[in-house]
Amino acid sequence: MIDRDQVLHVAKLARLRLSDEEVDRMAGELSKILEHVETMSELDLEGVEPTSHVVDLTNVLREDVPRDGLDRETALEQAPDATESGFRVPSPGAS
Amino acid sequence: MTDELLGLTVAQQAAKIDAGEVSAAEVFDYWRGRAAADDLNAYLWVAGETPEDAGTLPPIAVKDLFCVRGVPSMAGSRILEGYRPPYTATSVRNLQEAGVRVLGKTNQDEFAMGSSNENSGFGPVQNPWDRTRVPGGSSGGSAAAVAAGTAPWAIGTDTGGSIRQPASLSGVVGMKPTYGAVSRYGMIAFASSLDQCGPLTRDVTDAAILLGHLQGRDPCDSTSLGIPDGIPLPSAERLDGLRFGVWGMHEPGLEPGVADAVNATLARIEEVGGAVDEIELPNAKYGIPAYYVIAPAEASANLARYDGVRYGPRAAGNGDLTSLYEQTRHDGFGEEVRRRIMIGTYALSSGYYEAYYGTAQKVRTKIAEDLTAAFEKVDFVVSPTSATVAFKLGERTADPLAMYLSDYYTVPMPLAGIPAISIPCGLSEGLPVGFQIAGPAFSEARILDAAHALEKSIGFEGVPVSVDRLDADLRSQNEGPEAPRG
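For the record, the sequence lines run as chains H and P.
Residue numbers for the first sequence follow our numbering, beginning at 1 and rising by one.
Residue numbers for the second sequence follow our numbering, beginning at 96 and rising by one.
Excised from the complex, chain P in its bound form (with noise of 0.2 angstroms):
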């Protein structure tokens, strides 16, 4: 019965525990035993024992950074090796509330700075397609650990793109949801205004699940507002009516097999009813620049904490405090967090703040604009979810700004605090290629609807039945005569 469990989403596995045919103690302890065999080094943590009360749904794999009462959450960090919060992340408590069990803590890029998971404390991930590519970053782990079959479903932060861009890259859907829509309480702080919880899902049902059960108003929370209609189960076949403007299809960094896959996409929406316009974002080629001054700014401040005092670790110094908590922090953070809070503290420091801080929050609103403009003329903004499919490990360590340009696609939509998934689209060099779909605040229905539609017109096969078999069965699956080339 159990090793059905592996080739089925999260709804049916739910529907199975319904029937009685399955119990959610034996669907626990199958993605226990799954998620205990990974070699993928996509978890930091596994739960030891199936818990007494199971819950009623099938466990989720939680990205490192959520606060889980008594489970070492460090964020990826040695800064908080060891630390077992004394609370549980809002989020994460309504996942336990609606009988969702926690399966394990994810590995992810430290802090969630990164977008390769190259940058974790804990060593990379590697991506289930091919082990010498990366899933994928920072929710590398959550979204590796989905598309090798290791855990059923997960969550992620969305931060430039954290939960987007590793879909993209593993073959899973990612969403994150409108600034405010999940609470923050209890997820370790990158960049508090951007900052999003979100789904990481073999299907757009799933997703749509999920996000239910996490969305909310939180008073632990003073941003957050929940999405006030709530996530219906999305069931469209058809697109037809929707406005879909597509954008930076004419970038050059664009692999061709990208542009192939994300053409093709664009012709099944046309095939489903739905209509397809080219769109331009001009602001859009300074959500790099923008975001790479604010998401710092608040990390330096967000990450001041981190001394050695209250948790983690502690270095000895010379002796004095101001050495304790330089020694600490030098041994703690990981090379790209101290770039970061260098960028951040030189961003916000006596004389730069106006041109740095001051600029960015200015190019920030000029993009929200490009985007609320768009969507006077359609209803979703569409491309490609990342320029490139997966890219070999250590490719782009040495050069810190070619990794930025991966959130390129991603950045805008966190800026503007509106809502976007990515969804698998096909393959390009044998490797998954994402596509992005993005509406206005609180559109999460209506984009999880249109994702749908498009997913069953795609047809994607992303559920491995095992990594073993991933090579060949997969790829033979989804390279048909419609599947782009790279």
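If we strip away everything but chain H, and leave its shape as in the complex, we get (with noise of 0.2 angstroms):
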């Protein structure tokens, strides 16, 4: 059901490398997981109001109040590499 091809696509979508093996692999979990999935086609879902949270609440507001957030010292103190004043990456590059 999902092939070689829709698990690269797939991939490159979520920026995941997978080694040739992983692909493979992949292809044959995702299908049979996918396959589990599609067992909701049974149901007439004609009409049905989608859930997309369980909570009935909408458009929850707070004073508009400055408050203070991290300073720049401590939000950048856990990154792999950072200058002075942001995070530093090499260059986005071809791809």
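Just so you know, these hints were derived from the structure itself, not from any lab.
Please note that a few of the clues may not be correct.
Within a straight-line C-alpha distance of at most 30 angstroms, the following computed DSS-like cross-link-like pairs (lysine-lysine) qualify [unchecked claim]:
{"id": "1", "chain 1": "H", "residue 1": "32", "chain 2": "H", "residue 2": "12"}
{"id": "2", "chain 1": "P", "residue 1": "487", "chain 2": "H", "residue 2": "32"}
{"id": "3", "chain 1": "H", "residue 1": "32", "chain 2": "P", "residue 2": "457"}
{"id": "4", "chain 1": "P", "residue 1": "380", "chain 2": "H", "residue 2": "32"}
{"id": "5", "chain 1": "H", "residue 1": "12", "chain 2": "P", "residue 2": "457"}
{"id": "6", "chain 1": "P", "residue 1": "111", "chain 2": "P", "residue 2": "551"}
Taking the hints as your guide, dock the two standalone chains into a single complex.
Have a look at this one:
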């Protein structure tokens, strides 16, 4: 149901590198899982409203009062590579 | 004095602290020693010293995915190895403000994806009842620590059963509150429309105390509501006038020993005044298919942030940014997490969204409608928590789908957003069996009261004196004349 090309396409969308062996295994496993998922198609869902969340809340607002967030130094503390003012990354490159 | 602590619930220990028989610092120190001696791989970090202000209640073991300022918080993943957050989750802050200190961080399935704790980036956890078996997951470290007496109580998170299933397999109490009861701020996210924090404890009273401290509306989580009337201490000893609807007793995968323990519990409900009726949740069997679209879809979005830029280790890649992302995510994520990111990304990709995510959201509505209809006839919906007792390490790892089906009884509740508790109800093959009680949204106080009455009637002895003595003592205590045999 899911072939190698689809696995590679989805892996690219998800920014995941997979080895050749992982691509093959993933194709088999995803096919089996999706086959089970597709048992949902037995149901008549005509006119059923989708549930996106279960809490009966809309537009939760707070007073527009400024408050302190993390300072820059703290926010950068855990980065694998940081300058004084930001996260350092290599060039976006050709891909 | 402190050796007595092992046999006491948190409520009993708190009473001793209040009476001045023992100090909170001595209690912390005792549990720190227990946690440091953990040999089940239940902990990923244990407090190095007893804090100057040791609070007023016994300390707590916290699932790794809760951010605690300055303390390793890695969600069981190598992609967050060494991460020490600059802030603390609201749920943990609420506990700190109530006088509860953090004892340690517990092992879990990576990003809470799993039902056995075998998907941790830091190795599996062993079940203290039988070290060749899993403790359940994803909050397996929290469940095992409470069961083995290396923590007095613990918190975990439940997305499709991740508190209740390990509670069941490890012989402790575990509760998933109503969605919105506890703030999700600072909980490293898996599936945002399902994730909920809750207690893992030795008994129902401790669960009520813990939930009372955890719950509350939080300006940092716009989906949080708290529990409007709070959580009183449960006191019921009878179930007069209450109706229990049991479902799922004819599933082919249900182990006979588990069915026996659950049937014995149904008989106890009637003994103490409750009424039991069989009910049907016709769409429950579509819970797993819907869940394994919704949860991976939300996870694929939530886990997009782990790319080796802001936190965690970074892989070099080929020197450009895209290959840095791809290699970091390949090296950092374990197999199950990659699998779920792939399912979720596929389900949300162009041309498939409606067929998968759209359909799953409609199935979610059908399951919620089943439960709403059930609560017109009964006060509680009850079932086994898990179809099986704790399974062997490695038994289900080769077949992801078989592992997913472990969540059959626990998935409908988070899909509907309702609360449910698992309490130990006996043994099968010498291993704990969990009994699940679910109620309508925000019925936590009523569920806890009913669970309290049932717990008294069952009399499960779930407090190991030590892991070594567990085999001999606990089993003989539980295998009385009325205890189920596998």
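Status of the hints after comparison with the structure:
Restraint check for residue 32 of chain H and residue 12 of chain H: the C-alpha separation of about 21 angstroms stays at or below 30 angstroms, so the hint holds. Under the criterion of a C-alpha separation no larger than 30 angstroms, the hint pairing residue 487 of chain P with residue 32 of chain H is consistent with the structure, at around 23 angstroms. For the hint linking residue 32 of chain H to residue 457 of chain P, the alpha-carbon distance of about 22 angstroms falls within 30 angstroms, and the restraint holds. A C-alpha spacing of about 17 angstroms is found between residue 380 of chain P and residue 32 of chain H, which places the hinted pair at or below 30 angstroms, so the restraint holds.
With a CA separation close to 29 angstroms, the supplied pair residue 12 of chain H and residue 457 of chain P stays within the 30 angstroms bound. Taking the CA atoms of residue 111 of chain P and residue 551 of chain P, the gap is near 22 angstroms; set against the 30 angstroms cutoff, the hint holds.
The structure fails none of the hints (numbered hints given earlier).
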